[in-house]
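Trainee: So you can see what is in the structure, the chains are spelled out below.
There are 2 protein chains.
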Amino acid sequence: MKVSKLVGSRFKEKPADCVIDSHALMVRGGYMKYVGNGIFSEFPTLRKITAKIENIIRSEMDAIDGQEVLFPVVLPADLWEESGRYDSVGSELLRFTDRNNAKHVLGMTHEEAAVHLVREYAQTYTKYPFMIYQVQRKFRDEARPRAGMIRVREFTMKDAYSFHTSQEDLERYYAIAYKAYNRIFQRAGIPEVVTVASDSGMMGGSLSHEYMLLTPVGEDSIVLCNECDFRANMEAAKTIVENQPGQAEDLECIETPDCKTIEDVCGFLKSDVETSCKAVVYQKNSDDTYVVAFVRGDYEINETKLRNLVGEEIHPADITEDCGLVAGYIGPYQITDKAEVYLDVSLKGIRSMVAGANKEGYHYKGLNLERELGEVTYHDISKIREGGICPCCGKPAITIKRGIEVGNIFQLGTKYTKSMNMQYTDENGELQYPIMGCYGIGVGRLAASICEAKHDEYGPIWPISIAPWEVEVCCLRVDDEETKKVSDEMYQKLLQAGVDVIYDDRDVRPGAMFSDADLIGAPIRVVVSPRNLKESCIELATRDKSYKEMVPVEEAFDAVLKLKQQLFDDINAKVEAYE
Amino acid sequence: MKVSKLVGSRFKEKPADCVIDSHALMVRGGYMKYVGNGIFSEFPTLRKITAKIENIIRSEMDAIDGQEVLFPVVLPADLWEESGRYDSVGSELLRFTDRNNAKHVLGMTHEEAAVHLVREYAQTYTKYPFMIYQVQRKFRDEARPRAGMIRVREFTMKDAYSFHTSQEDLERYYAIAYKAYNRIFQRAGIPEVVTVASDSGMMGGSLSHEYMLLTPVGEDSIVLCNECDFRANMEAAKTIVENQPGQAEDLECIETPDCKTIEDVCGFLKSDVETSCKAVVYQKNSDDTYVVAFVRGDYEINETKLRNLVGEEIHPADITEDCGLVAGYIGPYQITDKAEVYLDVSLKGIRSMVAGANKEGYHYKGLNLERELGEVTYHDISKIREGGICPCCGKPAITIKRGIEVGNIFQLGTKYTKSMNMQYTDENGELQYPIMGCYGIGVGRLAASICEAKHDEYGPIWPISIAPWEVEVCCLRVDDEETKKVSDEMYQKLLQAGVDVIYDDRDVRPGAMFSDADLIGAPIRVVVSPRNLKESCIELATRDKSYKEMVPVEEAFDAVLKLKQQLFDDINAKVEAYE
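In order, the protein sequences belong to chains R and D. Residue numbering for the first sequence follows the working numbering, beginning at 572 and increasing consecutively. Residue numbering for the second sequence follows the working numbering, beginning at 572 and increasing consecutively.
Certain hints may be false.
Since the list can't tell identical chains apart, any single copy or any two copies may satisfy a pair.
[Stated by the list, open to error] Dumping the calculated DSSO-like pairs for lysine-lysine here, alpha-carbon to alpha-carbon at most 27 angstroms:
no.: 1; residue 1: K930; residue 2: K583
no.: 2; residue 1: K1055; residue 2: K576
no.: 3; residue 1: K709; residue 2: K674
no.: 4; residue 1: K919; residue 2: K576
no.: 5; residue 1: K750; residue 2: K573
no.: 6; residue 1: K583; residue 2: K698
no.: 7; residue 1: K1116; residue 2: K698
no.: 8; residue 1: K1064; residue 2: K930
no.: 9; residue 1: K573; residue 2: K709
no.: 10; residue 1: K966; residue 2: K909
no.: 11; residue 1: K1064; residue 2: K698
no.: 12; residue 1: K1119; residue 2: K1055
no.: 13; residue 1: K1119; residue 2: K1135
no.: 14; residue 1: K674; residue 2: K1105
no.: 15; residue 1: K1135; residue 2: K709
no.: 16; residue 1: K972; residue 2: K841
no.: 17; residue 1: K972; residue 2: K583
no.: 18; residue 1: K698; residue 2: K573
no.: 19; residue 1: K698; residue 2: K1055
no.: 20; residue 1: K576; residue 2: K989
no.: 21; residue 1: K698; residue 2: K1056
no.: 22; residue 1: K750; residue 2: K576
no.: 23; residue 1: K750; residue 2: K831
no.: 24; residue 1: K750; residue 2: K919
no.: 25; residue 1: K585; residue 2: K709
no.: 26; residue 1: K1145; residue 2: K1135
Rather than coming from a laboratory, the hints here were simulated on the basis of the structure. Just so you know, these numbers come straight off a predicted model, no measurement behind them.
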């Protein structure tokens, strides 16, 4: 490929609408083009990267006995009605009708399609275990697409589904898939990816892990322990709070005028926010029942934990006049019985607290939950905090980082096989539901994440395993006969040697050529110029600027091959070190 | 891969809903599964075939300087509004709204997306020519999906778009793409594919070709000449009719009671159907204007030709009482001026004909179009017939065959660049619209077409270049130690040699094993059995039954490799012979 023929423009100005570096660089470098909200086209440079990523993923899936299949993007609604997700999933599931008014959806994941495909095939235990996977487009009607290819609406995803006859067998395979995923990220050149335990949310099932690339621009919060190996998603990190019990006091109902926030109230009452109780109010999506969550004044509710506890979708409440709740003065004592009430663990053990009195303009002081309410159940519905207690080692060593989720694996259990009535006959002739696992990686998001993890101010620094081109040859003076000749020969020899090489023989200034090369991000650069040729040398350098050397012309070709091999060896060494 | 682990069931019974062999075999062989009307999932066996086809296509597109890109499946309606196709394309274009009520379509082709991608990139003549292509899912809301993977609603397609600065350059590249397409079909193992000139219909543009696999189950009619190389689609084949002029006669208006068809009228009037004129009535989709097409009684209207002449979409008419047309008695003389009237070439030169009198119960006899109407223009709006006159060599040697369209190429012209305002600056500094070509192949349809062209009653006979597996090893007696050992070794050695091999070591009867092998269709079969081993031999055979030999055990591995090489050589020889 010649740069002069490469479809896609490169430019200097940072696009106004790009909030993260990878997005800006991938727009500036001619990788992607905005088509619509959360919808992009891939230019050739990006398509080469995503193709290489897809091939790495395929080889690792094949290596763990995966069989590639293909499910449709457009799925009849009845499949999703069978699993119950046609109704349970929100508006991110795109629903439409065809010319005959038949209901369809755009596949956002393919559990239903997977069960549908193998339901008749896998009717006896002898067919198990097996894993099928596909690389296919998906559509999720995200409310807020953002950050370029990080959170989009349409994307290419590798999704895999395994089927087992026992939980033990699922766990055995899950461990194998867990490793294969780590190999994929190592091979793609981002060993920085960490795994965290996660909440499996709408997928159903129990145990799951997310693969997170730690980066300040990530949209997910990740909980890590500085003292042990504990890593989890916010949703999956158990909050532990050890309250100073303090002295019990008499309950008093006090007028608290113009106190809008819990901080106002505590200030007014000269009370500590750590002995206060605040209310956060939601409503169930199904019937608008009020759900009131109480949490220590300085903690926050984690909506996912609360949603899992409630057992259905909830949304922030619209507090009406006649609902029995007194906005700004809601407390756990003498609250209306029209609302479901949940108390967070952060309130446990406080003998005397400030809380709303469920009466306009009044708060309680000296509230003691056990004394006032009798038996009390506390739930883990708050967010763990920086410096909090690690649920694994018990030390106050929690730290919170940001990350991009680049993959996930789930132990699904029998959610889909039961709802879709997929059964097999076991060794005793009895009917059983298979147990499923599922395993996803977004291809475009991974490409963007690699760019986010590997770039400098000038452009991406692609790992050689997924780089659009392994080598770029720069002919610095196309009008100089010798320079052109040596450049042409180098390009042709590399092509013939099977090196994935791009050649810039345009008549442009060196500065422009190097800027473009930085944006293209080939890990190896070969620069041929009249000045170097005077010394009978060619300049050989790596994109990450860790290496730059003058190499005699006659040795340059071999040196390029050697450098290429070394960069691949570096990646393979990390893959092996991980094993 | 072992047959025992291969996901997908094979069975004997022909499915009731399969009208063509390839569909039945691909269902019986565990290749595909019905998900919804015109929507299928691919089992691993088919996915291996489609992946190999995709790779052949990619290598040929890359060889003609194609650059792979990726467009979204979901496209904002505004792109299609720019080109005008949002309104002009019928209900096969699936339109829907997202959660924010924004209008979208599912891409059925990607001309708009292609222009959108390169519109800013290609603003000067120096960027031209170039070609971009993708392999992507498409959705067409077909009214009547049929024949398995032949006519579906969702499918994988390779679509390519080239951009040029002159018609000459487009034609130069078009010829190159034409050849690349032939190479693709040669390499995929179906040299039987022929090219035909075609009508480019809704794609716009002028010249186009279709690649047709001739088969009686094809849904398209193809016009061929027995005397010359003329080949065309029905729409593109000019109809030539040489009428015997006969004697002019006086015009008479005659009562023709109870004559419902043109044959009834001719019988009643003792007139020849070859000197009769029948009417076929349509209405414009836009404003319901009546369009009356007159054709010789024994010819048929070709709706595509008529549509192109009218210049917009039409549909069969609903003849109302007050529309001025008298159903059953419509004729070209004294017809209402509310209708647009077109006369087919098949009426030219008849001096005395029978035609409707535009009066309930009456026909004309002795009608002479030139005499009665004055100046008359004839149009080519009828279907060419078996035995008709070849528009190329002029001999009455036309024959009509059926075919499946497996690819198409179009000279699009400036339809999309003009409507979407894509311009470049030419060498003189003037703004010009680029000229486009486009080039499509349906991957799944090609797989099914190959099956249709290459099968026997037992299953598909896959060409080795696209076969799911190149070799199948059958262990006929897994309980026999020596048989199992020799089979295992052969499988392992072939795997290590990079042969794409499937191994059947199930404990099943030979009949069942061979039936399955026939359905899997690997071109080479290696059969290991106690009986053959007694002779120190292994049986080596081809799926097409043209070759079967006993080979000494120690020579068998080399013999398999040699046979594999020979089958590939056979295909390559055809590719080269074509060059």
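Trainee: Look at each hint and say if it fits the structure.
Mentor: Going through the hints against the structure:
When the C-alpha separation of K930 and K583 is checked against a cutoff of 27 angstroms, the pair qualifies neither within a copy, at 61 angstroms, nor between copies, at 76 angstroms. Taking the closest pair of Cα atoms, K1055 and K576 come within 27 angstroms of each other only inside a single copy of the chain (17 angstroms); across copies the shortest separation is 56 angstroms, beyond that limit. In this assembly of identical chains, K709 and K674 lie within 27 angstroms of each other by CA distance both inside one copy and across copies; the values are 18 angstroms within and 18 angstroms between. In the homo-oligomer, the alpha carbons of K919 and K576 never lie at most 27 angstroms apart, since the shortest distance is 68 angstroms inside one protomer and 54 angstroms across protomers.
Proximity of K750 and K573 under a CA criterion of 27 angstroms is satisfied inter-copy only: 24 angstroms between copies versus 39 angstroms inside one chain copy. In this assembly of identical chains, the alpha carbons of K583 and K698 lie at most 27 angstroms apart only when taken from different copies (19 angstroms versus 57 angstroms within one copy). When the C-alpha separation of K1116 and K698 is checked against a cutoff of 27 angstroms, the pair qualifies neither within a copy, at 53 angstroms, nor between copies, at 31 angstroms. In this assembly of identical chains, the alpha carbons of K1064 and K930 never lie at most 27 angstroms apart, being 84 angstroms within a copy and 83 angstroms across copies at closest.
Taking the closest pair of Cα atoms, K573 and K709 never come within 27 angstroms of each other, the shortest separation being 33 angstroms inside a single copy and 31 angstroms across copies. Taking the closest pair of Cα atoms, K966 and K909 never come within 27 angstroms of each other, the shortest separation being 40 angstroms inside a single copy and 90 angstroms across copies. Taking the closest pair of Cα atoms, K1064 and K698 come within 27 angstroms of each other only across two copies (26 angstroms); inside a single copy the shortest separation is 50 angstroms, beyond that limit. Taking the closest pair of Cα atoms, K1119 and K1055 come within 27 angstroms of each other only inside a single copy of the chain (21 angstroms); across copies the shortest separation is 57 angstroms, beyond that limit.
Within a single copy, K1119 and K1135 get their C-alpha atoms as close as 14 angstroms, which meets the 27 angstroms cut-off; across copies the closest is 47 angstroms, which misses it. In this homomeric assembly, K674 and K1105 never come within 27 angstroms of each other (Cα to Cα): the closest approach is 71 angstroms inside a single copy and 62 angstroms across copies. In this assembly of identical chains, K1135 and K709 lie within 27 angstroms of each other by CA distance neither inside one copy nor across copies; the values are 35 angstroms within and 38 angstroms between. Neither within a single protomer nor between protomers do K972 and K841 lie at most 27 angstroms apart by alpha-carbon distance, with minima of 34 angstroms and 94 angstroms respectively.
Proximity of K972 and K583 under a CA criterion of 27 angstroms is satisfied in neither setting, with 31 angstroms inside one chain copy and 58 angstroms between copies. For a Cα distance limit of 27 angstroms, the shortest separation of K698 from K573 across copies, 12 angstroms, qualifies, whereas the shortest one inside one copy, 50 angstroms, does not. In this assembly of identical chains, the alpha carbons of K698 and K1055 lie at most 27 angstroms apart only when taken from different copies (21 angstroms versus 61 angstroms within one copy). Proximity of K576 and K989 under a CA criterion of 27 angstroms is satisfied inter-copy only: 23 angstroms between copies versus 54 angstroms inside one chain copy.
Taking CA atoms no more than 27 angstroms apart as the test, K698 paired with K1056 passes between copies only; the shortest distance there is 23 angstroms, against 61 angstroms inside one copy. For a Cα distance limit of 27 angstroms, the shortest separation of K750 from K576 across copies, 22 angstroms, qualifies, whereas the shortest one inside one copy, 40 angstroms, does not. In this assembly of identical chains, the alpha carbons of K750 and K831 never lie at most 27 angstroms apart, being 51 angstroms within a copy and 77 angstroms across copies at closest. For the identical chains of this complex, K750 and K919 are neighbours neither inside a copy (40 angstroms) nor across copies (78 angstroms), given an alpha-carbon limit of 27 angstroms.
In this homomeric assembly, K585 and K709 never come within 27 angstroms of each other (Cα to Cα): the closest approach is 29 angstroms inside a single copy and 34 angstroms across copies. Within a single copy, K1145 and K1135 get their C-alpha atoms as close as 16 angstroms, which meets the 27 angstroms cut-off; across copies the closest is 38 angstroms, which misses it.
Of the numbered hints stated above, those contradicted by the structure are hints 1, 4, 7, 8, 9, 10, 14, 15, 16, 17, 23, 24, 25, listed in ascending order.
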